[in-house]
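Engineer: Chain by chain, the residues:
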Amino acid sequence: MNTDSADNSERLWVFVATDFSDTPGPRRRDEGDDSGEEFLERCLAPKFAEALKDQRELWVDLDGTEGYATSFLEESFGGLARRYGSDAVLNTIQFKSLDQEYLPEEIRTYIREAND
Amino acid sequence: MKRNQTSYAARYLTRARQKAHQREVVRRSRRHRRPRGDPAWQRRPASRTTPAVATPAKPPVPVLAPESFDVVQNPEAFLLAFERLEEQMRKGRTPRLDFSQTLAVSSDAVLSMIAIASQLVRKYNVVVYLRWPTDPALMDVFRNCGLETYFKQTPPAPTDAGLIRQRLSKKVETKTAQEMIAFATQTLFGERRKEYATYSTFIECMGNTFEHSSKGGEGRELWWASVYCNADTGKVQCTFVDAGIGIFESIVFKGLLRKLAGGVKKAISRPALLRDLLERRIGSRTGESYRNRGMPKIYTDAKAGRISNLVIVTGSVYADVARDDFRSINRKFPGTFYYWEFNT
Numbered sequence: 000m001n002t003d004s005a006d007n008s009e010r011l012w013v014f015v016a017t018d019f020s021d022t023p024g025p026r027r028r029d030e031g032d033d034s035g036e037e038f039l040e041r042c043l044a045p046k047f048a049e050a051l052k053d054q055r056e057l058w059v060d061l062d063g064t065e066g067y068a069t070s071f072l073e074e075s076f077g078g079l080a081r082r083y084g085s086d087a088v089l090n091t092i093q094f095k096s097l098d099q100e101y102l103p104e105e106i107r108t109y110i111r112e113a114n115d
Numbered sequence: 000m001k002r003n004q005t006s007y008a009a010r011y012l013t014r015a016r017q018k019a020h021q022r023e024v025v026r027r028s029r030r031h032r033r034p035r036g037d038p039a040w041q042r043r044p045a046s047r048t049t050p051a052v053a054t055p056a057k058p059p060v061p062v063l064a065p066e067s068f069d070v071v072q073n074p075e076a077f078l079l080a081f082e083r084l085e086e087q088m089r090k091g092r093t094p095r096l097d098f099s100q101t102l103a104v105s106s107d108a109v110l111s112m113i114a115i116a117s118q119l120v121r122k123y124n125v126v127v128y129l130r131w132p133t134d135p136a137l138m139d140v141f142r143n144c145g146l147e148t149y150f151k152q153t154p155p156a157p158t159d160a161g162l163i164r165q166r167l168s169k170k171v172e173t174k175t176a177q178e179m180i181a182f183a184t185q186t187l188f189g190e191r192r193k194e195y196a197t198y199s200t201f202i203e204c205m206g207n208t209f210e211h212s213s214k215g216g217e218g219r220e221l222w223w224a225s226v227y228c229n230a231d232t233g234k235v236q237c238t239f240v241d242a243g244i245g246i247f248e249s250i251v252f253k254g255l256l257r258k259l260a261g262g263v264k265k266a267i268s269r270p271a272l273l274r275d276l277l278e279r280r281i282g283s284r285t286g287e288s289y290r291n292r293g294m295p296k297i298y299t300d301a302k303a304g305r306i307s308n309l310v311i312v313t314g315s316v317y318a319d320v321a322r323d324d325f326r327s328i329n330r331k332f333p334g335t336f337y338y339w340e341f342n343t
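Keeping their order, the protein sequence lines are chains A and B. When the letters of the first sequence are read in order and numbered with numbering that gives the first Met the number 0, they come out as residues 0 to 115. When the letters of the second sequence are read in order and numbered with numbering that gives the first Met the number 0, they come out as residues 0 to 343.
Pulled out of the complex, with its shape left as it was, chain A reads as follows (with noise of 0.2 Å):
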């Protein structure tokens, strides 16, 4: 992980294994715990908010966990696009995956297609 100050100060962080869990769960809240619906309430959306009021990067690094369902990933990261349209997620939002590498890809498909 780069953590140098000049990036830093470009960027905001939402570490999922730490800030949320490492055992993420299903698409919704009644499913179980740890699901996407509360991740996205609790850890993604305000921080993506921060990131487009101050012009900057969101950078959510999925490294730590267990794994993720596609619901999970399609309920947080697709539920944003469908707030905040899917344009505004792809231009902020950045991926670090060291453990899982076809995964930020895979969500950018989640966020495209989640207007759909």
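No lab work stands behind these hints, which were simulated from the structure alone. On a predicted model such as this, the values are computed, not experimentally measured, just so you know. Yeah, the Cβ is synthetic: ideal placement off N, Cα and C, and Gly gets one too. Take the hints with a grain of salt, since some may be wrong.
Unchecked claim - Each computed DSBU-like pair below joins lysine-lysine, with the alpha-carbon atoms no more than 35 Å apart:
1) B/Lys151 / B/Lys331
2) B/Lys331 / B/Lys90
3) B/Lys122 / B/Lys170
4) B/Lys122 / B/Lys151
5) B/Lys169 / B/Lys193
6) B/Lys151 / B/Lys57
7) B/Lys174 / A/Lys46
8) A/Lys95 / B/Lys193
9) B/Lys174 / B/Lys57
10) B/Lys122 / B/Lys174
11) B/Lys193 / B/Lys174
12) B/Lys169 / B/Lys90
13) B/Lys57 / A/Lys95
14) B/Lys331 / A/Lys95
15) B/Lys170 / A/Lys46
16) B/Lys174 / B/Lys151
17) B/Lys122 / B/Lys169
18) B/Lys193 / B/Lys234
19) B/Lys302 / A/Lys95
20) B/Lys302 / B/Lys234
21) A/Lys95 / B/Lys170
22) A/Lys95 / B/Lys169
23) B/Lys122 / B/Lys90
24) B/Lys170 / B/Lys151
25) B/Lys302 / B/Lys174
26) A/Lys46 / B/Lys234
27) A/Lys46 / B/Lys169
28) A/Lys46 / A/Lys95
29) B/Lys331 / B/Lys302
To be verified - Chain A residues, not near chain B, derived (Cβ > 12 Å throughout):
30) Phe14
31) Thr17
32) Pro45
33) Lys46
34) Ala48
35) Phe71
36) Glu73
37) Asn90
38) Phe94
The hints should help you fit chain B onto chain A, whose structure is shown.
Structural biologist: Same frame as chain A, but now just chain B:
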């Protein structure tokens, strides 16, 4: 006169009952004073004693388990045995699943047996007996899969090679998935490893059971999951079974069993329908097009090699994804069955 006679009879009967009761009390007190070896104990008619363990009025009816007790390799023979079991239970008889002729047992069959037998016992309120195989090696497979501990403890303790878990709450249990993967990797590889695709597959399966497996609402159906460390192949065998209505009943229920090509309805076979579902050519039953990604994700992970040997059985459809074998079978699985392997 008649009234007096009736009253006299009533009083007589009441007195007679009282005397009989008193005689019984005395007899019981004398019985307790006699030593256990006293022959007087033996003279007591058996019908007047209460047996310690209730025995069935008739012996259990044997139902032979197949030689290869394996859902992945032998689904029809496996399901036929449970159809015969259910037939006996429907007639009010107590069945006994007989493994005396069985030559091979797989972990996926053990978990499926637990799931299906549990459903049948709930439905018919009849106990299922088991006759174990005579081969000690086969008995070890049952034991290592966790069958004995499943009946003895809640939650069942892990064995040297296997761990079985059943839904304990109405919700998706992320910690259960984490626990099973931790146990399997520690047991087979000697260290705790993360298995991202297996974790996401377990969560998707639990989520599908929660959302789609019942016509009566969400969170109603049970699921069972297991991991089994096969030292011979060096792979972890994962099985997930739910007791729901099956994938096709879910689709039909929402009225989505329809495929339009140029506005013309086409009849589709169920194996083709399952393939379409896995390749995301069928919309979500909830009507939201951005959904319906769970099963396609499992399929994608299998195609990418992140999980291997994925087999899905639902209703009368059997799908071996690795061999691209999607076909109908002559029996019906009561729920949905997923099997896959991993070796990090």
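Engineer: Hints first: check each against the structure and report whether it holds.
Structural biologist: Right, here's what the structure says about each hint:
1. For the proposed pair lysine 151 of chain B and lysine 331 of chain B, the alpha carbon gap of about 30 Å is at most 35 Å, so the pair holds.
2. With a C-alpha separation of about 20 Å, the suggested pair lysine 331 of chain B and lysine 90 of chain B falls inside the 35 Å cut-off, and the hint holds.
3. Of the supplied pair hints, the one linking lysine 122 of chain B and lysine 170 of chain B holds, its CA atoms being roughly 23 Å apart against a limit of 35 Å.
4. Among the hinted pairs, lysine 122 of chain B with lysine 151 of chain B is consistent with the structure: their alpha-carbon atoms are about 22 Å apart, no more than 35 Å.
5. Among the hinted pairs, lysine 169 of chain B with lysine 193 of chain B is consistent with the structure: their alpha-carbon atoms are about 26 Å apart, no more than 35 Å.
6. Restraint check for lysine 151 of chain B and lysine 57 of chain B: the C-alpha separation of about 27 Å stays at or below 35 Å, so the hint holds.
7. Simply put, lysine 174 of chain B and lysine 46 of chain A have alpha-carbon atoms about 27 Å apart, close enough for the 35 Å limit, and the pair holds.
8. For the proposed pair lysine 95 of chain A and lysine 193 of chain B, the alpha carbon gap of about 18 Å is at most 35 Å, so the pair holds.
9. Taken as a hint, the lysine 174 of chain B and lysine 57 of chain B pair is broken in the structure, with Cα atoms around 45 Å apart against an allowance of 35 Å.
10. At most 35 Å may separate the alpha-carbon atoms for a hinted pair to count; lysine 122 of chain B and lysine 174 of chain B meet this at roughly 30 Å.
11. Taken as a hint, the lysine 193 of chain B and lysine 174 of chain B pair is honoured in the structure, with Cα atoms around 13 Å apart against an allowance of 35 Å.
12. Straight-line distance between C-alpha atoms of lysine 169 of chain B and lysine 90 of chain B comes to about 32 Å, which keeps the hinted pair within the 35 Å bound.
13. Of the supplied pair hints, the one linking lysine 57 of chain B and lysine 95 of chain A is violated, its CA atoms being roughly 66 Å apart against a limit of 35 Å.
14. Our distance criterion of 35 Å between C-alpha atoms is broken by lysine 331 of chain B and lysine 95 of chain A, whose separation comes to about 45 Å.
15. This hinted pair checks out: lysine 170 of chain B and lysine 46 of chain A have alpha carbons roughly 28 Å apart, not beyond 35 Å.
16. Note on lysine 174 of chain B and lysine 151 of chain B: the hinted pairing holds, with a Cα-Cα distance of about 22 Å set against a maximum of 35 Å.
17. Between lysine 122 of chain B and lysine 169 of chain B, the direct Cα distance comes to roughly 20 Å. Compliance with the 35 Å bound is thereby established for this hinted pair.
18. Between lysine 193 of chain B and lysine 234 of chain B the CA atoms are separated by roughly 15 Å; this keeps the pair inside 35 Å, and the hint holds.
19. Straight-line distance between C-alpha atoms of lysine 302 of chain B and lysine 95 of chain A comes to about 24 Å, which keeps the hinted pair within the 35 Å bound.
20. Pair hint lysine 302 of chain B plus lysine 234 of chain B holds up; C-alpha atoms about 18 Å apart against a cutoff of 35 Å.
21. A threshold of 35 Å between alpha carbons decides the hint, and for lysine 95 of chain A with lysine 170 of chain B the separation of about 30 Å falls inside it, so the pair holds.
22. Of the pairs offered as hints, the one joining lysine 95 of chain A and lysine 169 of chain B holds, with about 34 Å between alpha carbons and a cut-off of 35 Å not exceeded.
23. Of the supplied pair hints, the one linking lysine 122 of chain B and lysine 90 of chain B holds, its CA atoms being roughly 13 Å apart against a limit of 35 Å.
24. Note on lysine 170 of chain B and lysine 151 of chain B: the hinted pairing holds, with a Cα-Cα distance of about 24 Å set against a maximum of 35 Å.
25. Under the criterion of a C-alpha separation no larger than 35 Å, the hint pairing lysine 302 of chain B with lysine 174 of chain B is consistent with the structure, at around 27 Å.
26. Between lysine 46 of chain A and lysine 234 of chain B the CA atoms are separated by roughly 41 Å; this puts the pair beyond 35 Å, and the hint is violated.
27. Of the supplied pair hints, the one linking lysine 46 of chain A and lysine 169 of chain B holds, its CA atoms being roughly 32 Å apart against a limit of 35 Å.
28. Taken as a hint, the lysine 46 of chain A and lysine 95 of chain A pair is honoured in the structure, with Cα atoms around 16 Å apart against an allowance of 35 Å.
29. Distance restraint check for lysine 331 of chain B and lysine 302 of chain B: the Cα-Cα separation of roughly 26 Å lies within the 35 Å cut-off, and the hinted pair is therefore satisfied.
30. Distance check on phenylalanine 14 of chain A: its Cβ is at least 16 Å (rounded) from any Cβ of chain B, clearing the 12 Å threshold; non-interface status holds.
31. Taking the minimum C-beta to C-beta distance to chain B, about 16 Å, the non-interface status of threonine 17 of chain A holds against the 12 Å cut.
32. Against chain B, the non-interface label of proline 45 of chain A holds: every CB pair exceeds 12 Å, the least being about 23 Å.
33. No beta-carbon of chain B comes within 12 Å of the beta-carbon of lysine 46 of chain A; the shortest separation is about 22 Å.
34. Annotated as non-interface, alanine 48 of chain A keeps its C-beta farther than 12 Å from every C-beta of chain B; the closest such distance is 22 Å.
35. Against the 12 Å criterion, phenylalanine 71 of chain A falls within the reach of chain B, whose nearest CB is about 7 Å from its own CB.
36. With a minimum CB-CB distance of about 6 Å to chain B, glutamate 73 of chain A fails to clear the 12 Å threshold, and the non-interface call is violated.
37. Residue-level check passed: asparagine 90 of chain A sits 20 Å from the nearest beta carbon of chain B, beyond 12 Å.
38. Phenylalanine 94 of chain A, annotated as away from the interface, keeps every beta carbon of chain B farther than 12 Å; the closest lies near 15 Å.
In summary, the numbered hints that this structure violates are 9, 13, 14, 26, 35, 36.
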